[in-house]
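For reference, the chains in residue letters:
Protein chains: 4
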Amino acid sequence: MGEFLHDHPITPRTKDEKEKVINRLKRIEGQVRGIQKMVEEDRYCPDILVQISAINAALKKVGFTVAERHAKHCVSHAVKSGDGDEVIDELLEVMKQFSK
Amino acid sequence: MGEFLHDHPITPRTKDEKEKVINRLKRIEGQVRGIQKMVEEDRYCPDILVQISAINAALKKVGFTVAERHAKHCVSHAVKSGDGDEVIDELLEVMKQFSK
Amino acid sequence: MGEFLHDHPITPRTKDEKEKVINRLKRIEGQVRGIQKMVEEDRYCPDILVQISAINAALKKVGFTVAERHAKHCVSHAVKSGDGDEVIDELLEVMKQFSK
Amino acid sequence: MGEFLHDHPITPRTKDEKEKVINRLKRIEGQVRGIQKMVEEDRYCPDILVQISAINAALKKVGFTVAERHAKHCVSHAVKSGDGDEVIDELLEVMKQFSK
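Top line first, the protein sequences correspond to chains A, B, C and D.
The first sequence maps to residues 76 to 175 in my numbering.
The second sequence maps to residues 76 to 175 in my numbering.
The third sequence maps to residues 76 to 175 in my numbering.
The fourth sequence maps to residues 76 to 175 in my numbering.
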């Protein structure tokens, strides 16, 4: 915390929203455990690399869902309150990390 | 399996090699659980996005470790046996996924 | 054109804004020509790959400058007019390409 | 130069190989000029961002072609001469830039 403008979203996430994101993260957690098993079983490296790429893609998808919600709630709210530029700078800074 | 040229590495991973990779994956698994908690606590989106980027970076690092081992053992072995090109094509194909 | 919601930015780019972006693109154009020369001179592959990565990084930087301007002008304007969500969806769709 | 193990490929690029890569780079150069024109004409930001993503993708493709050639010639040669690991480290280091 502290680094960014807020600690919580302007509109709290609904129970349903939380569940959807958490379920996707649980699937990703399972995929990470799956790779541990592959290493344990001494599976072929390219098979492992394909799985790692799949997890990265899944994480990026979750990230974009989070970013979309943020843009439609927090950024939109800030724009209407006249503080849009700061929140936009903050979001773009974070998106730069994603593009790496 | 099946998609690639082999099911296992040409040189089996040592117990120590396996442990190192698995430990890093366990840490990543913990990070994924950490994000679930952040969503549960309704934390600010940019904070969550930063964590997702961190996991992606950690996964890429593991991927490069796996790729390095693959190149130094399997690719090198295949080159010496005269089958290098096929294994190189296979590795580059997988690396393309990573560069996304 | 046609694919997106508009053909032009809501606030026209100033002469100065255009010049800055175009100058950066001209430098990138020069870097691309530089790689052609490196290939012509049969330079070592890793040297060429480093240059290609540098251009990709420079292009992403230009992209983020363009995205920032877009968010601060077009997206903000759309949010204030009540059409924010569509423009946000459009921008995130485009950012997904960048994250590849 | 200097940073890497060699200044030139172990097997010189043929005239035909050079031409193919250079032609693709010329197309990319043209695309970069195309974006300059789009900025000049004050085109809509998402249209510009799509073009930048296309150039990045095209550059990565060229990069993978260069990397493939490198792996099949220089890396393979080094492996056969017993110096594989160094050249593999060098290539992976460069590929890490690509994955950003």
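It is worth saying that the hints were derived from the structure and are not from the lab.
Each hint should be verified, as a subset may be incorrect.
[Said to hold, decoys possible] In silico BS3-like cross-links for lysine-lysine, where the CA-CA straight-line distance does not exceed 25 Å:
| no. | chain 1 | residue 1 | chain 2 | residue 2 |
| --- | --- | --- | --- | --- |
| 1 | C | K136 | A | K136 |
| 2 | B | K147 | A | K171 |
| 3 | C | K136 | D | K101 |
| 4 | B | K155 | A | K112 |
| 5 | B | K135 | C | K135 |
| 6 | C | K136 | C | K171 |
| 7 | C | K147 | A | K147 |
| 8 | C | K90 | D | K175 |
| 9 | B | K175 | B | K101 |
| 10 | B | K101 | A | K93 |
| 11 | D | K147 | C | K112 |
| 12 | D | K155 | A | K175 |
| 13 | A | K175 | B | K136 |
[To be verified] DEER-style ranges, computed between Cβ atoms:
| no. | chain 1 | residue 1 | chain 2 | residue 2 | range |
| --- | --- | --- | --- | --- | --- |
| 14 | A | H83 | D | H83 | 54 to 62 Å |
| 15 | B | K136 | C | K155 | 19 to 27 Å |
| 16 | A | H152 | D | D82 | 30 to 38 Å |
Even for Gly, the Cβ is constructed at its ideal location relative to N, Cα and C.
If you draw a straight line from the CA of K136 of chain C to the CA of K171 of chain C, is it 25 Å or shorter?
Within the cut-off at roughly 15 Å; holds.
Restraint check for K90 of chain C with K175 of chain D, where alpha carbons must lie at most 25 Å apart
violated (32 Å)
When you check the alpha-carbon spacing of K175 of chain A and K136 of chain B, does it fall within 25 Å?
holds (13 Å)
K136 of chain C and K136 of chain A were given as a pair; does the straight-line alpha-carbon distance stay at or below 25 Å?
holds (22 Å)
Is the straight-line distance between the alpha-carbon of K175 of chain B and that of K101 of chain B 25 Å or less?
Distance ~24 Å between K175 of chain B and K101 of chain B Cα, so the pair holds.
Does K93 of chain A sit within 25 Å of K101 of chain B, going by the straight-line distance between their CA atoms?
Roughly 24 Å between the alpha carbons, so the hint for K101 of chain B and K93 of chain A holds.
Pair hint outcome, K135 of chain B versus K135 of chain C [Cα-Cα no greater than 25 Å]:
holds (20 Å)
Satisfaction of the hinted span 19 to 27 Å by the C-beta atoms belonging to K136 of chain B and K155 of chain C
violated (43 Å)
Compare the distance between the alpha carbons of K147 of chain C and K147 of chain A with 25 Å, and conclude whether the hinted pair is satisfied.
Given pair K147 of chain C, K147 of chain A holds - Cα atoms ~14 Å apart, limit 25 Å.
Checking one constraint from the list: CA of K147 of chain B to CA of K171 of chain A, max 25 Å. Satisfied?
Violated: K147 of chain B and K171 of chain A sit about 33 Å apart, past 25 Å.
Is 54 to 62 Å a correct range for the gap between the Cβ atoms of H83 of chain A and H83 of chain D?
holds (58 Å)
Mind checking the hinted window 30 to 38 Å against the Cβ distance between H152 of chain A and D82 of chain D?
Cβ of H152 of chain A to Cβ of D82 of chain D: about 57 Å, so the range 30 to 38 Å is violated.
In summary, the numbered hints that this structure violates are 2, 4, 8, 12, 15, 16.
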